[in-house]
Amino acid sequence: MSNWFEKSAFEIREAVAGGTVTAREVATSFLDRIDAVDEKVGAYTQVWHDEALAQADAVDAKIAAGKLVGALAGVPISLKELICTQSGETTCSSKILAGFQSPYDATVTQKLLADDAVVLGKVNMDEFAMGSSTENSAVQKTSNPWDLSRVPGGSSGGSAASVASATSAISFGSDTGGSIRQPAAFCGCVGLKPTYGRVSRYGLVAFASSLDQIGPLTRDVRDAALAMNVISGKDPRDATSADLPAEDFTKKLGDSIAGLKIGLPKEYFVDALGSEVRALVEKATKVLEDQGAEIVEVSLPHTEYAVSVYYIVAPAEASANLARFDGVRYGFRHPDAKNVSEMYVKTKSEGFGEEVQRRIMLGTYVLSSGYYDAYYLKAQKVRTLITQDFDEAFKACDIILTPTTPSTAFTMGEKSNDPLEMYLNDIFTISANLAGIPGISLPCGTSASGLPVGFQLLSKAFDEATLLQTAHCYEQHADVNLGIPNL
Amino acid sequence: MVTKSVAVGLALGCTISRWSKMDRKNYFYPDQSKNYQISQYDLPINHDGFLDIDVDGKKKTIGITRAHMEEDTARNTHTLGGGQSGVDFNRCGLPLLEIVTEPDIRSADEAYAYLTELKQILQYLEVSDCSMEEGKLRAEANISVRPVGTEPFGTKTEVKNVASFSGTYKAIEFEIARQIQVLNDGGTIVQETRGWDDDRGVTFSQRAKESAHDYRYFPEPDLVPIVVDEAWETTIKEGQPELPTPRRNRLMEQFDLSPYDAGVLTQTKAMADYFEATVADVSDAKKAANWIMGDLQALITQDDADITTIKIAPTQLAAMIKLIEDGTISGKIAKEVLVDMFQTGSDPKAIVEAKGLVQISDTGELEKMIAAVLEKNPAQVEEFRSGKEKVIGFLVGQVMQATKGKANPKLVNEILRKQLST
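From first to last, the protein sequence lines stand for chains Y and X.
The letter at position 326 of the first sequence is residue 308 when you use my numbering, and the numbering goes up by one with no holes.
Count along the second sequence starting at 1, add 71, and that's the number in my numbering.
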């Protein structure tokens, strides 16, 4: 029996649908792999052994009955702890939602199940997606599979660690300021943040509603395209989802990129960028140039304000989005409260971790009367300028290429006492969320110490097809094969 | 929701915002599952309108500040006992339109007239059936008093949770008297929300407005902005039904109805529609009006029925009126026929035929019957001939009795006089 956990989603789907292997065999291969390595990695917060096998059997039954199967038939996947599932729990890796069972499936969950994916379980994250290392999880620590003393990145650290350690073929995370792309870069996998509005947010526990977007973390670009085919589309339950015709995101894979203009924003190649990362990103640029892309310099002049804008807009929205966790309806309620306001205070003080509390206070502050104009309103204006930067830049190029992170994965505890230092990890990824455009992080090699390095491609809104085409072209022609870490 | 909101805005002469948005109003109180309410803060979909009211024949214009969309809240119960409170989330999150007036209303009478006119418009637009018991229409009166001749308004109180217009009327009257009493006693009015106890006929303090709330309003990021372009507005405008006041005026003019009749007939759109559908087939509009407002309305009231679902179609009522006009039945018989129609939904003609109610207009037959009546009542015949013409009423009655009311009264009269004078 081959090690199915080493295969890509595409290969698995072909084999299952073609009858070469049963979905049960594949699921068993992944579940065994989880049992073997996840104790070290700590990606999974919940493993659904029985349910996964039952789902796999259902797929096998369909095939045996000669029925058509979905685009992810038999593909073992994992879901970030903030994507609602009727099965198991949806805790956002927070104490305040410990034991919470969602009464419904997120639209993404529904779509994945409808296309015959097999859900292996839920994976760890920074509490309420606030963080860049998954160290803010109230549930457990997750390690970087390439170096267990290092962080996997975050907030979708469980997703990245799981894909990198081959305990799921695809993991679905969420990206508010880089939460898919940064951990993908740290763990050496592919991470795609779709255009805002491309994927329904219904059933995604909201952090910052105007920035959040669900996306796939995968082993290769083709799998990301495959996943996008399943999860995108208009959802009447999410007013911000875009009403666009269904698209086949695999259609441009393999097309030549000759003549494609790739822009390098000068503001991204700054001193903060480590030299190792810079060298590998430059090498990646060369690969694309060799394939016929024209490299041009572009400018995104308001880049330096992105982090500040983000840390006003995101906490402001979060302060309202997280107000519902008050002990009245869901999850944790402090037992020793004598009245409503005491219940609120005690529940929140004990239920939320430090970083979440910090951002709620930050957000409450910037929305307060007397500060609104100076902070929130100004931030929204600068956000518009950042969006306009991209509109301008995309007049001169089709794709923008940048590093994903300034450095490789840092060691656990290294930055956890310095929130500002932690926030700066997202300087290259935040702008795409503010502008609503899609971005993908791809592995472009390893550092001297054997840690993965990623680079980022950005495209115009709703041009994921070109983004994936470019990424796929790189992947096909770059000599980067990280393989699976030794665990 | 947007279409209905704009329909109300247009009916109230509001400016419709081309671009508006929803906002989050943040506060901690368990009447929202999210601890914020989705509302419209600085850009309401409708603003700056007006509504004309009529109080005892005097016209007055009430300014409409805004009519904005928001979501409803949950309802809290504190009467469960054992120190427990309950939250009923059933109506939480339902969309509603909040219509805010300028401080133009000066009395309970004006408030009552405003609410009545507004309710009529809302029903005509079919945006709500306005059932107050079900909370589909709620009135929150803000009341303040000031010494005669002074400009600034006094401190106001807001009366909430009143289940009827008459309750609102009484609550306003009560609040005015209470506030005057407090001020005359040297006290001050506390700005607060007050409830209404309908049984005792008093308002009571619910919660005092604490130091100004900071609601931390900001644009709702889960919803997209609301764009009502000219084309959409025009479509809504064109789909608008004729509103109560213009319809009232038109009915008066077109059918020569009295202001009272026109007022009654336009009280609901359904009744006005029924009237107009009936009158299309009848030559005498006044007759149609009388039948609808009189006998038909009595039957509807008696059965607690709804004019939109009764068994009598307007064309059937028109057919019945025609049977009177062409002398097939008398007005008296028609009342019977109408009851039958109301119960069975049968055509008047069929009822008249089945029950043999056709009026006797056969002169020969009537002449024979009348001759027989005269023969039986020689004393009365004598009285008539000696000049006591009033006695003819008795004789007519006798004829009607003999024919079970089916004789054509006009013919009976004619033949009687003819026979008596020979």
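Because the hints were derived from the structure by calculation, they are not lab data.
Predicted, not measured: the structure shown is a model, and the values here were computed from it.
Take these hints with a grain of salt, some might be off.
To be verified - Capping the alpha-carbon separation at 25 angstroms, the derived lysine to any residue pairs in SDA-like fashion look like this:
1) X/LYS105 - Y/LEU242
2) Y/LYS320 - X/LYS461
3) Y/LYS360 - X/TYR286
4) X/LYS92 - Y/GLY352
5) X/LYS105 - Y/LEU359
6) Y/LYS328 - X/ALA369
7) Y/LYS265 - Y/ALA228
8) Y/LYS363 - X/GLY476
9) X/LYS92 - Y/SER331
10) Y/LYS363 - X/PHE99
11) X/LYS96 - Y/TYR312
12) X/LYS358 - X/GLY476
13) X/LYS96 - Y/GLU324
14) Y/LYS328 - X/LYS461
15) X/LYS439 - X/ASP411
16) Y/LYS442 - X/PRO296
17) Y/LYS22 - Y/GLY352
18) Y/LYS320 - X/ALA145
19) X/LYS461 - X/GLU424
20) Y/LYS123 - Y/LYS360
21) Y/LYS233 - Y/VAL51
22) Y/LYS328 - X/GLU173
23) X/LYS96 - Y/THR393
24) Y/LYS328 - X/TRP90
Stated by the list, open to error - Listed next, the stretches of chain Y that the computed footprint assigns to chain X, with coverage defined by at least 3 CB atoms under 8 angstroms from CB atoms of chain X:
25) 299 to 305
26) 339 to 350
Positions of the beta carbon are idealized from the N, C-alpha and C atoms, including for glycine.
To see whether the hints hold, each was checked on the structure:
1. Restraint check for X/LYS105 and Y/LEU242: the C-alpha separation of about 47 angstroms exceeds 25 angstroms, so the hint is violated.
2. Between Y/LYS320 and X/LYS461, the direct Cα distance comes to roughly 89 angstroms. Violation of the 25 angstroms bound is thereby established for this hinted pair.
3. About 19 angstroms separates the Cα atoms of Y/LYS360 and X/TYR286, which keeps this hinted pair within 25 angstroms; it holds.
4. Between X/LYS92 and Y/GLY352, the direct Cα distance comes to roughly 22 angstroms. Compliance with the 25 angstroms bound is thereby established for this hinted pair.
5. Of the pairs offered as hints, the one joining X/LYS105 and Y/LEU359 holds, with about 23 angstroms between alpha carbons and a cut-off of 25 angstroms not exceeded.
6. Taken as a hint, the Y/LYS328 and X/ALA369 pair is broken in the structure, with Cα atoms around 63 angstroms apart against an allowance of 25 angstroms.
7. Taken as a hint, the Y/LYS265 and Y/ALA228 pair is broken in the structure, with Cα atoms around 35 angstroms apart against an allowance of 25 angstroms.
8. Taken as a hint, the Y/LYS363 and X/GLY476 pair is broken in the structure, with Cα atoms around 86 angstroms apart against an allowance of 25 angstroms.
9. Pair hint X/LYS92 plus Y/SER331 does not hold up; C-alpha atoms about 33 angstroms apart against a cutoff of 25 angstroms.
10. Proximity of Y/LYS363 to X/PHE99 is assessed by CA-CA distance (about 29 angstroms); at most 25 angstroms being required, the pair is judged violated.
11. About 21 angstroms separates the Cα atoms of X/LYS96 and Y/TYR312, which keeps this hinted pair within 25 angstroms; it holds.
12. At roughly 21 angstroms between alpha-carbon atoms, X/LYS358 and X/GLY476 fall within 25 angstroms of each other, so this suggested pair holds.
13. Of the supplied pair hints, the one linking X/LYS96 and Y/GLU324 holds, its CA atoms being roughly 22 angstroms apart against a limit of 25 angstroms.
14. Of the pairs offered as hints, the one joining Y/LYS328 and X/LYS461 is violated, with about 94 angstroms between alpha carbons and a cut-off of 25 angstroms exceeded.
15. For the hint pairing X/LYS439 with X/ASP411, the CA-to-CA distance comes to about 31 angstroms; that exceeds 25 angstroms, so the pair is violated.
16. About 22 angstroms separates the Cα atoms of Y/LYS442 and X/PRO296, which keeps this hinted pair within 25 angstroms; it holds.
17. At roughly 49 angstroms between alpha-carbon atoms, Y/LYS22 and Y/GLY352 are farther apart than 25 angstroms, so this suggested pair is violated.
18. Proximity of Y/LYS320 to X/ALA145 is assessed by CA-CA distance (about 22 angstroms); at most 25 angstroms being required, the pair is judged to hold.
19. Between X/LYS461 and X/GLU424 the CA atoms are separated by roughly 34 angstroms; this puts the pair beyond 25 angstroms, and the hint is violated.
20. About 37 angstroms separates the Cα atoms of Y/LYS123 and Y/LYS360, which puts this hinted pair outside 25 angstroms; it is violated.
21. Note on Y/LYS233 and Y/VAL51: the hinted pairing holds, with a Cα-Cα distance of about 20 angstroms set against a maximum of 25 angstroms.
22. Taking the CA atoms of Y/LYS328 and X/GLU173, the gap is near 43 angstroms; set against the 25 angstroms cutoff, the hint is violated.
23. Of the supplied pair hints, the one linking X/LYS96 and Y/THR393 is violated, its CA atoms being roughly 42 angstroms apart against a limit of 25 angstroms.
24. Proposed proximity of Y/LYS328 and X/TRP90 is contradicted: the alpha carbons are some 41 angstroms apart, above 25 angstroms.
25. Chain X is given as covering the stretch 299 to 305 of chain Y, and this holds because 4 residues of the stretch bring a CB closer than 8 angstroms to a CB of that chain, at least three being needed.
26. Counting residues of the stretch 339 to 350 of chain Y whose beta carbon lies closer than 8 angstroms to any beta carbon of chain X gives 3, which meets the minimum of three for the stated coverage.
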